[in-house]
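Peer 1: Each chain, written out:
There are 2 protein chains.
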Amino acid sequence: MFKAPEHQVAGHQARDGKLGPLIDGSGRFYKPLQNDERGSKEVAFYTSFSSNTRIPDHIRRFFPVFHGTQLLEGADGCLHPHMVLEDLVSNRLHPSIIDIKIGSRTWYPQASEDYFQKCIKKDRETTSLSLGFRISGLQVYESEKSGFWKPDKKCTQSFTLKDVRSVLRKFVSSNPSSDAIPDCSFASVVYGGSTGILAQLLELKAWFEDQTIFHFYSCSVLMVYEKEEAMKGKPGAEVKLVDFAHVLEGKGIIDHNFLGGLCSLIKLVSEILTCPDEQTSNGCLHELEKSRFCLENGV
Amino acid sequence: MFKAPEHQVAGHQARDGKLGPLIDGSGRFYKPLQNDERGSKEVAFYTSFSSNTRIPDHIRRFFPVFHGTQLLEGADGCLHPHMVLEDLVSNRLHPSIIDIKIGSRTWYPQASEDYFQKCIKKDRETTSLSLGFRISGLQVYESEKSGFWKPDKKCTQSFTLKDVRSVLRKFVSSNPSSDAIPDCSFASVVYGGSTGILAQLLELKAWFEDQTIFHFYSCSVLMVYEKEEAMKGKPGAEVKLVDFAHVLEGKGIIDHNFLGGLCSLIKLVSEILTCPDEQTSNGCLHELEKSRFCLENGV
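Heads up: the protein sequence lines correspond to chains A and B, in order.
If you're matching positions, the first sequence starts at 1 in my numbering and goes up one per residue.
If you're matching positions, the second sequence starts at 1 in my numbering and goes up one per residue.
No lab work stands behind these hints: they were computed from the structure.
Fair warning: this is a prediction, and the values are worked out from it, not measured in the lab.
One should not assume that every hint holds.
Where chains are identical, the list cannot tell them apart; a pair therefore holds if satisfied intra-copy or between any two copies.
Stated by the list, open to error - Only pairs whose alpha carbons sit at most 16 Å apart, straight line, appear in this in silico EDC-like list of lysine to aspartate or glutamate:
1) Lys251 / Asp210
2) Lys227 / Glu86
3) Lys251 / Asp163
4) Lys251 / Glu271
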């Protein structure tokens, strides 16, 4: 009945005797609680979020539905606690998915010295610091024959600014695995439109400008669409938030770290809609060049 | 002809033989170039900004006018280079001023290890990290008899989150130096209205959501108003940006660090307009309490 999810692009997976997430094929995703406090923190978040009457419905839909916790038997024969969540891709055949960890900073003020050092190193090595987010994983469906384009972890971890720009184009292209210029065939139907990804990101942004309940560290925006639908010009792309093991109380302050990164992502997605035919996969280069100034020159 | 500016609330001042800024009484502010690269970096910024045709006029007015550089004789008898800038308060009699350094991070990706360590320490010790900005200095005019309420540097450096909320209320109150609850008498005329400070901050925000030309590290938002005008219900409060010794090229990425902090400031200023009669000087406490959840509880 339970099996490993087919379409996971980032996060923990079962291997080396470690528990991984499971799906039951009928719409539920079982995420094992991590042993340290992260597992209980994430359950605490889902519990408080689910019962919070101040989250508007149009925001709630960005979060996986939470069905409580459940003990499941692991390969070791022992019972392990799992969070029972909505399986976000159970209704998809060949979902193209990108997992984007938001925030230029993945550590929080009260973090231990060890955790701070570990996070800030990774934030500096990846695009988090410069761009306000980093790509944690992705798969883009190409065809029945060639399947998914799915760069491995080592590859996504070494993405540069230029790679990220390019990958956001490839994500909505029919030729993602090719070395050719991404054709951005599906940009307008996936990113654009009144219910497309950009519109959804802007809804989230408006909430983040105001909400002071939660601060989301190391949380990801997931963008999902189905190539078959996109080819028919059908909307249906979805934005979801996942990974809440490092959510803190907002204490009356907005989550400026998440908001800043989200705005940076919004800007790059907007540019793809404005210049889908860009030759360089490096943004609107002409505009960029015009706007650059040599600040190295002194008096 | 030259004298030290009366109304400086933060930044370098002449003392211990060091050069300080000067004003000429006819609208110009002379800022000595710092010896290290900061001076030349700031000149480079003003030079490129002044000649940049892509800065809209409604944004340009937030920046001091730049009149080039000039050599002035110091107390040591030597000639020293100065930036010649607009004196932002030359037309004010008793300006109330607050200097707010924007950004949860005052260091930038390419910073040296020393500079990084120095900045991150201060960001963590102050409200920069948690709030996305910190107050660098302020003066609030009270009356001819008692003059200005002007907390000293040591005091502003130790401001907590709660202090910052309170100070943003005191800034628009007729009783800033008192221990009584700030009366927020001038909140609606200074912060509110179609040309008030909130409206100006929102204009800046819209620009920062889009502009990818500059990244402003350690840059301050200055808010200025005149009590005499506010008492008559006259608008006239101004927002200005100052301190550009750490401006970097944006290279096609928005300044998510500045934008996040700016949004956090906007949220706090909005709350003062929504709840000017708050008894606690701690935001809308009832709303806050309602929105808090104990995330410490596990499974």
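Peer 1: Next step is simple, just say for each hint if it's right about the structure.
Peer 2: Now the hints, each set against the structure:
1. With identical chains, the CA atoms of Lys251 and Asp210 are at most 16 Å apart within one copy only, with a shortest distance of 13 Å there and 29 Å across copies.
2. Proximity of Lys227 to Glu86 under the C-alpha cut-off of 16 Å is found in neither arrangement, the shortest distances being 22 Å within a copy and 57 Å between copies.
3. Taking identical chains as interchangeable, the C-alpha atoms of Lys251 and Asp163 lie at most 16 Å apart only when they sit on different chains, with a minimum of 14 Å there against 36 Å within one chain.
4. Within a single copy, Lys251 and Glu271 get their C-alpha atoms only as close as 34 Å, which misses the 16 Å cut-off; across copies the closest is 14 Å, which meets it.
Hint check: a violation occurs at hint 2 only; the rest are consistent with the structure.
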